[in-house]
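Asker: One-letter residues, chain by chain:
Protein chains: 2
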Amino acid sequence: MIKQEDLPLMVDLYELAMAQAYWAEGMADTAVFSLFFRELPEHRNFVLACGQRHIAELIGQLRFTEDYIERLRQLNRFQPEFLDWLKGFRFSGNIRAVEEGTPLFPQEPILEVTAPIAEAQLLESLIMNYVHLESVLASKAVRLTFAADGKPVVDFGMRRMHGLDAAHRGVRAYRLAGLTGTSNVLAGLDYGMDVSGTMAHSFVQAYPDEMEAFKVYARLYPGTTLLVDTYDTRRAVRRIVDWLRQEPGVRIGAIRLDSGDLEQEAMDCRQILDDAGFTEIKIMASGGLDEYRIAALLQAGAPIDGFGVGTAIGAANDAPALELAYKLTEYAGEPKMKSSSGKTSWPGPKQVFRQFDGNGMAKVDIIAGMDEPVDGAPLLETVMADGALLPGFPAPLDDLVSSARDALAALPEPFKRLQPAKAFPVEFTDYLKNLQAETLKKVSV
Amino acid sequence: MIKQEDLPLMVDLYELAMAQAYWAEGMADTAVFSLFFRELPEHRNFVLACGQRHIAELIGQLRFTEDYIERLRQLNRFQPEFLDWLKGFRFSGNIRAVEEGTPLFPQEPILEVTAPIAEAQLLESLIMNYVHLESVLASKAVRLTFAADGKPVVDFGMRRMHGLDAAHRGVRAYRLAGLTGTSNVLAGLDYGMDVSGTMAHSFVQAYPDEMEAFKVYARLYPGTTLLVDTYDTRRAVRRIVDWLRQEPGVRIGAIRLDSGDLEQEAMDCRQILDDAGFTEIKIMASGGLDEYRIAALLQAGAPIDGFGVGTAIGAANDAPALELAYKLTEYAGEPKMKSSSGKTSWPGPKQVFRQFDGNGMAKVDIIAGMDEPVDGAPLLETVMADGALLPGFPAPLDDLVSSARDALAALPEPFKRLQPAKAFPVEFTDYLKNLQAETLKKVSV
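Protein sequence lines, in the order shown, are assigned to chains A and B. Counting along the first sequence from 1, when you hit position 255 you're at 254 in numbering that gives the first Met the number 0, and nothing is skipped either side. Counting along the second sequence from 1, when you hit position 327 you're at 326 in numbering that gives the first Met the number 0, and nothing is skipped either side.
The shape of chain A in the complex, shown without the other chains (with noise of 0.2 Å):
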């Protein structure tokens, strides 16, 4: 397991590599770096970037520690000076990032940092690990939510999830991204989500009749939800109609769906509770739901109330990667870019600005250099100055998570939908395209 004091070494070795090169020519002027995707994964009409606040809180505190310097001087690649030097890291520069929960576009910066150039590198694979998780997990959810159209979506992912930093961590970008609950304990406690959770087939097994199983759940968990799809679903629904018809205190919240079609399973169970009067007892689903099968079932009329999903959210599988690139932008005053074919990159520091329509609703975002004055809403915020936190941040969850609602309310409806959308549009400011053109010049000699 990767403790605080790990930190450090969750890095990349040409990162240290480099910045002993750095420390060696005595290279220590400013660099920019900005954090951006350049192209939106397939099935995504945008992603909704997490991660790069909750990254900032852990910034300030990366020392390399006695112990861990040890263990760098056993690669035989760092001089005893540069050692010396990193044990005294401390991280002294500015992050300006957007705020989590901001649906973004290709080419925008996420984060800038501007540091000593050697400090700004050290930070790259794990700023990218960290805003790539959340973002990921969360450009997903946020999916499940549109599909899922009001009605409830409760996170099942932790076994599927990609380790235990992405079970816990998981389920913040979920909470960002509008569901509403969770079965994983510690994350929802850490992360003030909703725990939720009913029973698993090996209850109901472990019984020699399932009405045994859901009588004792009944007795402990007044309100709970029984699992009936272990053995004949529609016959298991029979039995508590029957059941509850005879003693008439016990109190069901809901029962789960869990295999079959759950389109005509949701459909007869509901007429069989309807026909006793339980109308009051809702139908949940699970079960291999992605965003599509919520659609379809909803689409069709599907009786249900709410939905549990664990693969398709916990390794966002259909696109469970994100080019997330961190690139110099200037470094001691000089813009940079990169000119590979293909993968041309921006110079210079810079800001986005959204505008929005009389209605609200996001119209453009215009990429600017980062003091230009552009009219719109500035998406990236200064949140550490000089290697400290500014007041304010972190902000608490739950003001992300209304932000987040916020910024989500505000984009037009054909990003909402399942398919495709066209792409959202994006410019970049006069200046920008001058000092790219300049910058290409330059590099090109």
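Hints should not be assumed to be uniformly reliable.
Said to hold, decoys possible - Calculated lysine-lysine pairs in the DSS-like style (CA-CA distance at most 27 Å, straight line):
no. : chain 1 : residue 1 : chain 2 : residue 2
1   : A       : 150       : A       : 281
2   : A       : 441       : B       : 214
3   : A       : 281       : A       : 342
4   : A       : 2         : A       : 86
5   : B       : 362       : B       : 415
6   : A       : 214       : B       : 440
7   : A       : 421       : A       : 432
8   : A       : 214       : A       : 342
9   : B       : 2         : B       : 86
10  : B       : 415       : A       : 214
11  : A       : 440       : B       : 214
12  : A       : 2         : B       : 2
13  : B       : 214       : B       : 281
14  : B       : 86        : A       : 2
15  : A       : 214       : B       : 342
16  : A       : 415       : A       : 362
17  : B       : 150       : B       : 415
18  : B       : 342       : B       : 214
19  : B       : 2         : A       : 86
20  : B       : 281       : A       : 342
21  : B       : 362       : B       : 421
22  : A       : 281       : B       : 342
23  : A       : 362       : A       : 432
24  : B       : 150       : B       : 281
25  : A       : 342       : B       : 214
26  : A       : 214       : A       : 281
27  : B       : 421       : B       : 342
None of these hints come from the bench; they were simulated from the model. Note that the structure is a prediction, hence the values are computed from the model and not measured.
Model the placement of chain B on the given structure of chain A, informed by the hints.
Answerer: Just chain B, lined up with the frame of chain A:
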């Protein structure tokens, strides 16, 4: 970040709810749970099972400390006496598991837990999360080694891996899968894998002229790899050749190509290097590589000597999830199974016997009852008894790497191709078939 003390709460709520129900009912008989997958993920001819013994190392140490009991109390679902029971929780059962790095097929048990039912139930999500991550990543990474056909494949995936735990434990899985190096410093040190890395484009860009960057690196890191595609790849290589001719003392190990038409660029760069007599300088490739692109490059004769792979292995992007199931197969001596539509399971504790042909190649797997005498090598071995790891566990990772290599070597060729293979023959014994039929009759009453 998840600490050791956090682990008992990395649990889905229903596991605690079921445990309380078993406790309340005094149901403490022995249960057997089996971990397996129902179907191969798309694009996989087998799953390289990993993590099943790694997690066993942690299970014996799980303790609910006072702080965590207090947090559970806040959920208002647990009785004080049950929380006292949790305080005294020590896993007291047995774990049988296949060797890590074993290629497995659908329905084959990866791990079986035999313990008082509440104890076995509490481990469900933690075991699944562990085995899922390592198996998913290893099953992808091994395909890269097949494609590279003996040429080194190095993990560059940290930035795309889902969180820090994945980035760390993933490297363990990659070692078992046969990767030869990683860029991840901490994981490489912890799991004994060669740590390597070159330079980023930012390093090249930080200098007014890329040749300056190359010279700094070559001086600090003799034999280093130079990243040549920041601006114009061929021009960079021609300038390197001119420099090396002028300074014969300088030693460069390789150049790295990270963009563009890798096949053509590798051929052109090879030509430039060879024409100048630098035949010993190797060519490394990276940038959006997966097993198909690597195979196509080598098939086309691209003179590439090694590959750095990020996204494809970092998130196992074409099959990031595996439908693992952790199912009750026996309770209090009674066989148990599900008969849900499409999810019928096999009752009883089991063993898998792998049979080999005269050349030592795997021929067929027989899934049998745990104590049935069957020919072949039994794959499940007892790792933990009465809550304690047996002598010899955990085995040194070097031993696991070598046994994984042997297990892969015994796998017939078609399963090591990138294309889909016919299903590997997996048979159930008559004993299990009868047990399933009889159990099905009982649960269908």
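Asker: Checking each numbered hint in turn, tell me which of them this model violates, lowest number first.
Answerer: 3, 8, 10 and 18
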